[in-house]
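Below are the chains, spelled out letter by letter.
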Amino acid sequence: MQSTSSPTAPHLPTPNLSHLSSGQDYANVYEPAEDSFLLLDALEADQSLLLETVRPQLCLEVGSGSGVVSTFLAGQVLRTDSPPTDYNSTATLYVATDINPDAARATRKTWLQNGLPDHSLQLVNTRFTEGFHPRFCGTFDVVVFNPPYVVTDPAEVGSHSIAAAWAGGIDGREVIDQFLPMIPTLLSPRGVCYLVLIAQNRPDEVVSIMETHGLRGEIVARRKAGIEYLSIARFSWP
Amino acid sequence: MRLLTHNMLQCHVKKCTDPALNFPLQLQDIELEQVETEENEDLLLNLINKVDYNALTTTAAQLGLVGLPNAIPKDPQADPAFMTRLHEVLLETNITQGKMACRGCGHVYTIKDGIPNMLLAEHEI
Ligand SMILES: C[S@@+](CC[C@H](N)C(=O)[O-])C[C@H]1O[C@@H](n2cnc3c(N)ncnc32)[C@H](O)[C@@H]1O
Ligand SMILES: [Zn+2]
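So the protein sequences, as listed, match chains A and B.
Under the working numbering, think of the first position of the first sequence as 1, with each following residue one higher.
Under the working numbering, think of the first position of the second sequence as 239, with each following residue one higher.
Just to be clear, a hint being listed does not mean it is correct.
[Claimed, not checked] Below are the DSBU-like pairs computed for lysine-lysine, each with C-alpha atoms no more than 35 Å apart in a straight line:
#: 1; chain 1: B; residue 1: LYS312; chain 2: A; residue 2: LYS109
#: 2; chain 1: B; residue 1: LYS288; chain 2: B; residue 2: LYS312
#: 3; chain 1: A; residue 1: LYS224; chain 2: A; residue 2: LYS109
#: 4; chain 1: B; residue 1: LYS337; chain 2: B; residue 2: LYS288
#: 5; chain 1: A; residue 1: LYS109; chain 2: B; residue 2: LYS350
#: 6; chain 1: B; residue 1: LYS288; chain 2: A; residue 2: LYS109
#: 7; chain 1: B; residue 1: LYS288; chain 2: B; residue 2: LYS252
#: 8; chain 1: B; residue 1: LYS350; chain 2: B; residue 2: LYS252
#: 9; chain 1: A; residue 1: LYS109; chain 2: B; residue 2: LYS252
[As the list claims (entries may be wrong)] FRET-style restraints, in silico, Cβ to Cβ:
#: 10; chain 1: A; residue 1: THR80; chain 2: B; residue 2: LEU270; range: 30 to 40 Å
#: 11; chain 1: A; residue 1: HIS160; chain 2: B; residue 2: THR296; range: 24 to 34 Å
#: 12; chain 1: A; residue 1: GLY138; chain 2: B; residue 2: GLN264; range: 19 to 29 Å
#: 13; chain 1: B; residue 1: GLU362; chain 2: A; residue 2: PRO154; range: 19 to 29 Å
#: 14; chain 1: A; residue 1: ASN88; chain 2: B; residue 2: ALA319; range: 18 to 28 Å
#: 15; chain 1: B; residue 1: ASP317; chain 2: A; residue 2: ALA163; range: 43 to 53 Å
#: 16; chain 1: B; residue 1: THR334; chain 2: A; residue 2: PRO238; range: 43 to 53 Å
Keep in mind the hints are simulated off the structure, nothing from the lab.
Note that the Cβ used here is the ideal one computed from N, Cα and C, for glycine as well.
Bound conformation, chain B alone:
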């Protein structure tokens, strides 16, 4: 899964409702790879409205991915360096295996073959 997918997911254990803690999930023991893909300006502009940028920069910093500014530039299209870095972090950084732990309740979700498993047992829903 790309970092974009991680940015879309949160803990959904029933009692885990604090939005400051159930998102973003903490990546642990992950295997990372960089997959080169063509940059697509329209797709990035579409995604800028959909990502939680603070969560993205926090996660990127934890993974040692530097170079994203603290805030989205006013006119992102006019900032090719930003667009390229956003593309690399969001769409080229791929997690093949690992875990995502909730900072609220400690629940651990696994990532296998690049696919996050968000299924919960009946009593956790």
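Looking at chain A on its own, in the form it has when it is part of the complex:
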């Protein structure tokens, strides 16, 4: 989450974030950085998989922060002028959660600022998907999470403030390890999940853990940013 070089712009335009200011909003909400942008790149690289095979009707972002990822997914990746299929992206419903109430508000601002319809985004201030009715088990076609992955003192984990954006405790894995067993309960039969990891989280080990849950895992993007070796893991049913 260091940003020494300027962010690499994805090919599709990055959402407009001019309504968020460094002084005010980013004091309480995670400012999109290289990790966010690598996730955007991975989603963009999967655009045809998503439009032609997954054809998402229900998407979930855990920890939506500024909202840059969900807004990019909805406004750029899934909404194209020339859809390759009869997939109707305006019929897709988005769910975004964040433990930080300021982040949930920022997510809505970014969504609206980029011209997306208010009613297609369901925002909830919660941990992971706590409080969702169990009938939503196994119904999410796309699940994304850029988790707090930084190695920190375990005491820093579990706040509801800006520290929740990065504090990952031992090996940066504490929040990630709580989330991993949820992935198979969230994903629909054709669903795909994207998770941001750094080298200290041991991405290969995370992939093998998901294999024990019956999911196929793959590292679909890697980048060195400052001191961080970032990667994006993608999980789906075999």
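Using the hints provided, position chain B with the ligands relative to the given structure of chain A.
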């Protein structure tokens, strides 16, 4: 939040496990507004499979929103009046402030700036 969001949420206090009581949450002291948006048939058809229709009609009745039939019509697409009313209730009815109380354990969740707060304290999880 739209009534759709309300329809997706239930009480998740650890000891509150009776599905007849922990869902739907009881709306209280709410501020409602009607936000006009374009009707989208494909979105409604997508949502018909996802909403708990009984919970929706119960909640709508409590809010004085009339006009939804007791059951989803066999062929909803062929019933434009139903589709429009479903659109208005589910996607145009917006709750900006208020509370959601659990009928099982009494826990109260708040809605602020249109965003429901489902966070629980450590001992309630
Ligand atoms: C690294 S930031 C990512 C923000 C944004 N998605 C992005 O990519 O720029 C992590 C976000 O997850 C949230 N978060 C941390 N733990 C969470 C949890 N258990 N459930 C939901 N959100 C969580 C934080 O508040 C923060 O907004
Ligand atoms: Zn309860």
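Against the structure, the hints come out as follows:
1. Note on B:LYS312 and A:LYS109: the hinted pairing is violated, with a Cα-Cα distance of about 38 Å set against a maximum of 35 Å.
2. Taking the CA atoms of B:LYS288 and B:LYS312, the gap is near 16 Å; set against the 35 Å cutoff, the hint holds.
3. Between A:LYS224 and A:LYS109 the alpha-carbon distance is near 30 Å, which keeps this suggested pair within the 35 Å criterion.
4. For the proposed pair B:LYS337 and B:LYS288, the alpha carbon gap of about 23 Å is at most 35 Å, so the pair holds.
5. Of the pairs offered as hints, the one joining A:LYS109 and B:LYS350 holds, with about 15 Å between alpha carbons and a cut-off of 35 Å not exceeded.
6. Restraint check: the Cα-Cα separation between B:LYS288 and A:LYS109 comes to about 26 Å, which is no more than 35 Å; the hinted pair holds.
7. Pair hint B:LYS288 plus B:LYS252 holds up; C-alpha atoms about 24 Å apart against a cutoff of 35 Å.
8. This hinted pair checks out: B:LYS350 and B:LYS252 have alpha carbons roughly 24 Å apart, not beyond 35 Å.
9. For the hint pairing A:LYS109 with B:LYS252, the CA-to-CA distance comes to about 33 Å; that is within 35 Å, so the pair holds.
10. Judged by the Cβ atoms, the range 30 to 40 Å given for A:THR80 and B:LEU270 holds: they are separated by roughly 36 Å.
11. For the pair A:HIS160 and B:THR296, the beta carbons lie near 32 Å from each other, so the given range of 24 to 34 Å is met.
12. Under the hint 19 to 29 Å, the C-beta atoms of A:GLY138 and B:GLN264, about 28 Å apart, fit the expected range.
13. A beta carbon spacing of about 22 Å between B:GLU362 and A:PRO154 agrees with the range 19 to 29 Å that was offered as a hint.
14. In this structure the supplied range 18 to 28 Å holds for A:ASN88 paired with B:ALA319, their Cβ-Cβ distance being about 23 Å.
15. The hinted window of 43 to 53 Å between B:ASP317 and A:ALA163 holds, with their beta carbons roughly 51 Å apart.
16. B:THR334 and A:PRO238 have their C-beta atoms about 45 Å apart, which keeps the hinted 43 to 53 Å range intact.
Comparing the model with each earlier hint shows a violation of hint 1 alone; every other hint is respected.
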